[in-house]
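Per my numbering, the very first residue in the sequence shown carries number 1; after that it's consecutive.
These are calculated hints, taken from the structure and not from any lab test.
The beta-carbon is built from N, C-alpha and C at its ideal position, and this holds for glycine as well.
Treat the hints with care, as some may be off.
[To be verified] Here are the in silico distance ranges between beta carbons for each label pair:
1) E152 to I58: 34 to 40 Å
2) E601 to S655: 21 to 27 Å
3) E694 to E73: 25 to 31 Å
4) P577 to E598: 38 to 44 Å
5) P85 to R527: 46 to 52 Å
6) D52 to G251: 43 to 49 Å
7) G633 to N135: 47 to 53 Å
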Amino acid sequence: MNENQWIHKMGEKKKKGILILILTILIASIAVTLSSASPEMTVYVNTDGSGDFNCDGIDDQVEINKALAYVAEHPEFTTVHLKGPNTYVISSSIFIGSDTVLEGDSTAVIKLEDKADWPLEKPLITQIDSSESQNITVKGFEIDGNHDRNKEKGRGKGYYNLIHFLNCKNIQVHDMYMHDNHGDGLKVVKGSNIQFYNNTIYKLGHDALYVIYSSNVEAWNNKITCRTNSGLRIYNGNHVKFYNNVINSEGEGGAGIEIQKAGSSTVMNDIEIYNNLLYETNAAGIWITGYGSVYSKDSAKDVHIHNNKFYKTGINPGADWSGGVVLNGFYDTLIENNIFDGCYGAAIAHKEVDNEFSSTGSGYTTIARNNIIINTQSSSTAGEGYAFYNKLENTHSFILQNNCLLNNAGGNYMYASSESDMQADPALVEQLDKKGSSAENLPCAEALQAGPQELPYEIDEHDTDAGQEEGPESGIERMISKIVRFVKNIFLSFTSGESDNENLKTALPSVVSDNRLKEESPNTTFRETEYMDLGERSEGGKYRDVILFELNQLGGTNNIEKATLSLFWYYPDEARPEDTILEVYRPEKWCEEHVTWEARETGTLWQNPGGDWYDKNGVSQGSTPYATITIKGSILPDKRYYELDVTELVQEYTSGKYENTGLLIKAKVENRNYIAFYSSEWQDKNQRPKLTIEYTGK
1 MNENQWIHKM GEKKKKGILI LILTILIASI AVTLSSASPE MTVYVNTDGS
51 GDFNCDGIDD QVEINKALAY VAEHPEFTTV HLKGPNTYVI SSSIFIGSDT
101 VLEGDSTAVI KLEDKADWPL EKPLITQIDS SESQNITVKG FEIDGNHDRN
151 KEKGRGKGYY NLIHFLNCKN IQVHDMYMHD NHGDGLKVVK GSNIQFYNNT
201 IYKLGHDALY VIYSSNVEAW NNKITCRTNS GLRIYNGNHV KFYNNVINSE
251 GEGGAGIEIQ KAGSSTVMND IEIYNNLLYE TNAAGIWITG YGSVYSKDSA
301 KDVHIHNNKF YKTGINPGAD WSGGVVLNGF YDTLIENNIF DGCYGAAIAH
351 KEVDNEFSST GSGYTTIARN NIIINTQSSS TAGEGYAFYN KLENTHSFIL
401 QNNCLLNNAG GNYMYASSES DMQADPALVE QLDKKGSSAE NLPCAEALQA
451 GPQELPYEID EHDTDAGQEE GPESGIERMI SKIVRFVKNI FLSFTSGESD
501 NENLKTALPS VVSDNRLKEE SPNTTFRETE YMDLGERSEG GKYRDVILFE
551 LNQLGGTNNI EKATLSLFWY YPDEARPEDT ILEVYRPEKW CEEHVTWEAR
601 ETGTLWQNPG GDWYDKNGVS QGSTPYATIT IKGSILPDKR YYELDVTELV
651 QEYTSGKYEN TGLLIKAKVE NRNYIAFYSS EWQDKNQRPK LTIEYTGK
């Protein structure tokens, strides 16, 4: 190294050293500033007498409304907080005013009373008055629409909407669990600046989000299971973004996403739908329709649908509008870089659902390019399984460019054609789960970039949110942690001469299945119970569990930094004669539909009742677990997660060393040490089993 190079290197080291010193000082100053900041002024609602307002389980909206009225009348207060674990039963609406946050613990539940018999369009939560309200946030708790004890009303007719705002702006609804009602989740009419995110929505009576004559709407990171209508719906609205959502149905409902324009009074020319996963929807994955009186081309155009994945959308064999994307009445819709896999009827189709949704005029054009369309299936009413189906050929046309097509049951085109689409080599399909792999010589190689660029359940670590608002202390700790990590990365690059440009990612794979194995019921499959139990109890014998997480989204990465299995312990509330030492092993392949204590699938017994497994050393029925933790017999459930480090096992699965067969969890010694954790069927999403995977993209 010559003298000039040495001087330059020392100068660079000095610069980085000064930067580290500055950032270290910033850490201290930020911590002091945040710790001395005034806490947000909050009014608390509880049931045990400790709240500012206290409910008794009857007409609880009275006390909640008093709390909200107090905040509305005292500008120095901003928030009403519902304490959990409590269920607040309401017999009338809750009213929220401007500049107000209604929040709650994840264990706080607002529940509609039995046999409420409310009139049409009376919601559970709404604004205080009909004049324009603004800056309203609802977050963090659960709303139970109590569908089954109010069956005298029909679904989808406007009864018991969970949240409804009229003429409001700056609305946020997030980190909510909303389920089992007769109407919409969030309905907004003539609103603006609406944000709907990080919500879990299960089987509502209409749309999860229904926005009418509104603008500037965003919905992201929601997990929605439809029952009666759609997941996300816009009617005569504009400036809309729907992204990073997971939407499905369980044999009911309509489209996953619904875009509607009626008549000439509104413009819809700025709508973007991207990075969503739509699977097994009852009808179309996305349904777009214009109808009614004549409207101009510029008022219904340029919907952009890109980088979504459609998997087996349109499972209802009686729905003519089954498929991936079904549309009519919009000009210049652009559908690009999506994956359509196993859709029913047609992947992309021009159709009118019925005479009500008939679009006037002609010259409607849809551009579809660089999509992967494979395995389209036949439907008895929606089509024979086409990639493209133009049922409106007199008024609508496709422009098809560079789409990659394979194994579509009815063929690639019905009343459509292309000169640049290509038939895929089967090797392409093998590459779909291997982003970044070398495939330059494959047909449609450029289409390998189709589909979600970041799956909805995979986000940067700095965006991870568990669903509850952080308190001041945890907020300080988190910010300091971020800065420390940043400093650490700079320091590492300073010492190693390399820069770590890859963000650490966090994946939260979904549970495919968790099943109890019960010695005393050796031939019974336990898949849908709300708990998973381990150990031994004198009256019930031994208990073990198998659990399987979906890991395909991680591809073949070898860069798993850490994998943590978290189980929420809740039972029993008494000391146990013996400690419970939990152990995790790699099981033989098992069938989630049929696994029992005796059998791993129909007609195939375990060689060892209670499960066949391999230990960390690859020994069959070995005793060296991949992970272990001891829960003392003298302690009681403290309502929190217990964690097991399963990094090595997950690494073996994602690297391809072993097929992913999940985890077998058992007690080391099964003797008077029974405990139970919540399962994936448990109603509170914040207490279900979870697998947290940290990895880099290198």
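Exercise. Between G633 and N135, is the Cβ distance one that fits in 47 to 53 Å?
Worked result: holds (51 Å)
Exercise. Are E152 and I58 spaced within 34 to 40 Å by their CB atoms?
Worked result: violated (21 Å)
For this session: Please test the hint of 21 to 27 Å on the beta carbon pair from E601 and S655.
Result: holds (26 Å)
Exercise. Does the hinted range 46 to 52 Å hold for P85 and R527 at CB?
Worked result: Since the Cβ atoms of P85 and R527 sit about 26 Å apart, the hinted range of 46 to 52 Å is violated.
Problem set entry | G251 and D52 - C-beta distance against the hinted 43 to 49 Å | holds (45 Å)
Exercise. Cβ-Cβ distance between E694 and E73: within 25 to 31 Å?
Worked result: violated (47 Å)
Problem set entry | Whether the CB-CB distance between P577 and E598 falls inside 38 to 44 Å | Violated, since P577 and E598 (Cβ atoms, about 28 Å apart) do not stay within the stated range.
Checked against the numbered hints given earlier, this structure breaks hints 1, 3, 4, 5; the rest are met.
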